[in-house]
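Under this note's numbering, read the sequence shown as residues 1 to 174, first letter to last.
Where hints are given, some of them may not hold.
[To be verified] Between beta-carbon pairs, the in silico distance windows are:
1. E42 with S6: 17 to 27 Å
2. P96 with E116: 30 to 40 Å
3. E157 with L87: 18 to 28 Å
Please keep in mind that the hints were generated in silico from the structure rather than gathered at the bench.
Note that this is a predicted model, so its numbers are computed, not measured.
Even glycine gets a Cβ: it sits at the ideal position worked out from N, Cα and C.
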Amino acid sequence: MGCGKSTVGRDLHDLLGYPLIDTDTVIENQAGKSISRIFADEGEEAFRERETGLLRELHADTGKRCIIATGGGIVIRPENRELLRLLGYVVWLRAPHQLILKRTRRNTARPLLATEDPAERIRTLLDERGPWYLECAHLQLDTAGLNSREVATGILESARYYFTTQQPPPCPPP
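Start from the sequences, fold in the hints, and give me the full structure.
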């Protein structure tokens, strides 16, 4: 959270013209209530189940090119990490915890930061989730000091290189 996923997603949409799917927005629209309200009414586990269901739907819709901006906790479930890798090129937007705190401190709609010590909570989340982000990301990109257009351009260049240098999977034996 606070690394610029939604903003960079919009920039990638502008640059490529692909549809942007912000998983948090889709889930809010499907539920008819905010993420905070989902957490309060149904709990985090129910929200995570909604995320997994949405990734399954996106994976079933093969051949559709799109940009997917996810919530930061989507990597908690192993199935989600696998689905993300299957869906396409995965980018981990990174930022130092101090910058994340600065970007999120005025936003009261973040249920995981509704705590006495949001800075400590951010550090804990980054420590817990870091290995999972590493597991599913093709690219790690530090967003500190970059504007969203610079980040989007870096993602495009990296993805272009990745897809032009990857060997196709071997054909199965007859």
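Taking the hints in turn, this is what the structure says about them:
1. Checked against the given bound of 17 to 27 Å, the beta carbons of E42 and S6, roughly 22 Å apart, stay inside it.
2. Evaluation of the 30 to 40 Å hint for P96 and E116 yields a failure: the beta carbon distance comes to about 21 Å.
3. Roughly 20 Å separates the CB atoms of E157 and L87, a value that falls within the hinted 18 to 28 Å.
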